[in-house]
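Order-wise, the sequence lines are chains A and B. Just so we're on the same page, the working numbering is the position in the first sequence counted from 1, plus 128. Just so we're on the same page, the working numbering is the position in the second sequence counted from 1, plus 1492.
Mixed in with the good hints there might be a few duds.
[To be verified] Below, in silico cross-link-like pairs of lysine-lysine (DSS-like), each with a Cα-Cα straight-line distance of 25 Å or less:
hint: 1; chain 1: A; residue 1: K438; chain 2: B; residue 2: K1635
hint: 2; chain 1: A; residue 1: K568; chain 2: A; residue 2: K481
hint: 3; chain 1: A; residue 1: K438; chain 2: B; residue 2: K1682
hint: 4; chain 1: A; residue 1: K567; chain 2: A; residue 2: K378
hint: 5; chain 1: A; residue 1: K395; chain 2: B; residue 2: K1680
hint: 6; chain 1: B; residue 1: K1709; chain 2: B; residue 2: K1684
hint: 7; chain 1: A; residue 1: K395; chain 2: B; residue 2: K1913
hint: 8; chain 1: B; residue 1: K1680; chain 2: B; residue 2: K1643
[Stated by the list, open to error] Which residues of chain B face chain A? A few of them, derived with a C-beta cut under 10 Å, are:
hint: 9; residue: E1558
hint: 10; residue: L1583
hint: 11; residue: L1606
hint: 12; residue: S1627
hint: 13; residue: R1633
hint: 14; residue: Q1648
hint: 15; residue: P1649
hint: 16; residue: E1818
hint: 17; residue: T1851
Hints listed in this document are in silico derivations from the structure and should not be mistaken for laboratory results. Glycine is no exception: its CB is placed at the ideal position from the N, C-alpha and C atoms.
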Amino acid sequence: MPKWKFVIFIFTITLFLSFLNHSGQPEETRFYHFELDNGMKVYLYERHSIPLLNIVFAFDVGTKDETDETNGLVHILEHYILFRGTELRTGEQIGKDIRSHGAYFNAHTGRDLASFELSLPSAFTDFALNIQKEILFQLKLTQVELDKEKQIILEELSQIYDDPIKYGTSLVYQNLFQNHPYQKPIYGKKDIIENASVEQIQRFYQNYFVPANCALAVVGDFDMQEMQQKIKTMFGRLENRGFSPTKFEKIHPLNKNIEIEEEMDVKTGYLVIGTVGPDYNDEEKYMVDVLVEVLGRGVTPLLNQPLRGKRDLVQTISMGFGAYKYGGIIYLCLTLDPKKMTAAKREVLKFFKNTRSLNYSKSDYQGEAQFFALDYLESAKNQIKFRFHQAQEKGLNLALSMATHALRSDGTESGPFITNIQNTTSSDMRKAAADFLSKKGYVILSIVPKKNE
Amino acid sequence: MVAIILSAFVSLGISMPRENTEPLLQNQPEKEVLANGLSVVYHKDNSSSISVVHILMQGGKRLEPEGKQGLAFLTTRLLVELPSQQVLQQLMNQATHISFFCRQDFSIIRMSCLSENLEEAVKLSTQILQNPLFSGIRTGRIKEQMNHYEKLEEDQPLNVAHAAAMATFFRKTPYAGGTYGTTASRKKIKKKDIEKYYEESVKAKNMIVSISTDLGKEETLEIMHQYFGNFPDEAPIEPTPISFLPREERIGDIEKDTQQTLVYTAYSLPKVSEKNFILSTMLQNLLGKGMDSRLWSLRTAKRLAYIVDARAFLMRDGGMLETFLETDQTKKERAIAELKKTIRDLYEKGISSEELAITKAYSKGAAIRENETKETKALNLATMEALGLGYDFLNRTLEEIDAITLEEFNGFIRGVLNPEKAVHITVGPTQ
């Protein structure tokens, strides 16, 4: 089950806020959020377009909460919770129960958060809430089961090394977030995983898997009043054990570029470039969203100009932006003929440097030039608007967005997501480019075929 | 992927175990045949303010002449090439997304847009589709891209094994061979091949257009009539039946310098029919989808892999079921033995009525999830119609899946999972 996603769209993460203010919603929906006495945050979004229920629990624990000596323990815990049993049922029994209810069950470990998601036919609402409660809050840890799961995690680690994009991006993260708790690999270190004890895992579980450190989001085909009542009855009785989250420093950008070259058994070249972006609560994240859309996404990204066209340096372009609680990343992933690697690197860096002075909108041009200019800004806003609507269709993604937002947000948003996107100007783009793209501080990772290939 | 991934492409329209079976889709899809013979399948979906249109052209890879693999992809790619800066600006401003893909039996152009821009988007895309430019410069550039895509595919062990298995099962038929062809096959493709392919496939009776939208039926169909009504009214392609060479157990090791080894086994599936469609999906789910599938024990109990999976690919004249896991090199031999044993056990003993009930429940849940978005709904409506199952199969499959008996399913398992006809492949270090 994949727990790693290469593409992270910040607009998806903050999506649900906009629902509250979005009047053009064609389907009849209802939204409600509240907090239980034990501190658990609850977000409910009722809709009936398909008989499906999507439930996500997120906990404010990730690699940021690990040390060099415990790197990988959150990932182990996430695996264990998913597959290894509770006080009431073995892992096998849980698997069978999940399957017989037609459910999809998965989990993700991240830098900030760990999340657990369940999607199943809405006829099984009671089962869904009960099984999630049992799995998350009645875990039974044993060394025997832990040792079994470790071997599977080690297989997962090897799998990452064989995938050029996953491996490349992982290296970019580790080098970009130097001296910050985000630097540690999400999957953990091999020796720590091999030697992890049940006592270590238990400590993480007891400290972090408490209602006050948790957000629950439910999206789908249910009755709002009934669902509120069920959640209050079922989860309101969990003991309030309190929780004081650790605060971390914001990420500092690198002051010089770092270049890394790797060889793999591949037929083509891969170039991943990353730089520090705004954090989740930074107002500039909206500008960076639009900037990334203009530069590296959409019908014709601006990066086509230096990299494709006559020079034809690269074949595929993919750009993204991920915002975490204490910092963000802007990344670019290119695939290309390995012989063109040096030229592509040079062109990208030159182009990024110039992004602070580019024209993004028709209004940046004067006279006749305005007529012929492509309006990249307007196009990007529309692209984001399109994806905003498209994202409403996928219930599990919405639930994940709500739960993670509940734990990442400091409550300082200036308004709905779409409004912030629409208000972005060409000057904002240049400012965001000057702040995040035009300075040194890139990690540049290239993967080329092995010399003997 | 080269062929149809069943889980994504043919998500079944199956509702869940309520007292009375309900159809999966809130609104019943409807079909209208335009005066020129073009089929339009309309589905109203209020879940978002976007519209998704699939323009399906029968033919796909099976229209490719021998030795000219890649022609379907190349031609379809040229059909979405924007003719001018002005059109580019229009599409950008509307946030209209145009993409495409080619499969063994058909090619599809997908267009997604904000519903408020549907008419403009359809107008633009049909203009491009009816007036394509097959210039040498464009063709050459796309051939270069295809060369790159071919290499990208080869960087993934699963793609390598899949291509090898397809080549074994469907050798000397148009179903074999990659979507992008090879350097040699691309070189053989000339402008006249592209023009011939275009003329054969882009005509009204050969096309199915499906749309999932929040716009009303009348408004939508008016747009469809206006912009698809003038496609040439000519006879559709009559696909030549594909005949297959006899199969036998085959084993192959493909060297790749990776940490893990892909252990892969594939079986052929019968040609598509309503029954086979359901049975293939259920077998795929039983074997490799989700927790507690048959292969799941290779992960949790045997600790051989992080990923275990099964995928079914269905084409008009035959399909393929693949099962695989990725394991550490030191566990390779044990993984091969355990994968074979697990499947042989299923082949010899079949399943119980309890496991059948669980498989049905899982398949229904998966179907609902897979049909959550307009994109998958519109895709499934078009492809089901194209494969002869009928667009309304999406809602009817619920009854079909509930009607599967233990005897039928076990019979299907025995027909498909014959160990003597399997193809075994590993991709990884050979030493």
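A quick look at each hint next to the structure:
1. A:K438 / B:K1635: 16 Å, holds
2. A:K568 / A:K481: 9 Å, holds
3. A:K438 / B:K1682: 23 Å, holds
4. A:K567 / A:K378: 18 Å, holds
5. A:K395 / B:K1680: 23 Å, holds
6. B:K1709 / B:K1684: Violated - the C-alpha atoms of K1684 (chain B) and K1709 (chain B) are around 40 Å apart, more than 25 Å.
7. A:K395 / B:K1913: Violated, because 32 Å separates the two Cα atoms, which is more than 25 Å.
8. B:K1680 / B:K1643: 19 Å, holds
9. E1558: Since chain A brings no Cβ nearer than about 26 Å to E1558 (chain B), farther than 10 Å, the hint is violated.
10. L1583: 5 Å, holds
11. L1606: Result: holds, 6 Å to nearest chain A Cβ.
12. S1627: 16 Å, violated
13. R1633: 8 Å, holds
14. Q1648: Given a least distance of 8 Å, the restraint on Q1648 (chain B) holds.
15. P1649: 7 Å, holds
16. E1818: 6 Å, holds
17. T1851: Where the cut-off is 10 Å and the nearest Cβ of chain A is about 9 Å from T1851 (chain B), the hint holds.
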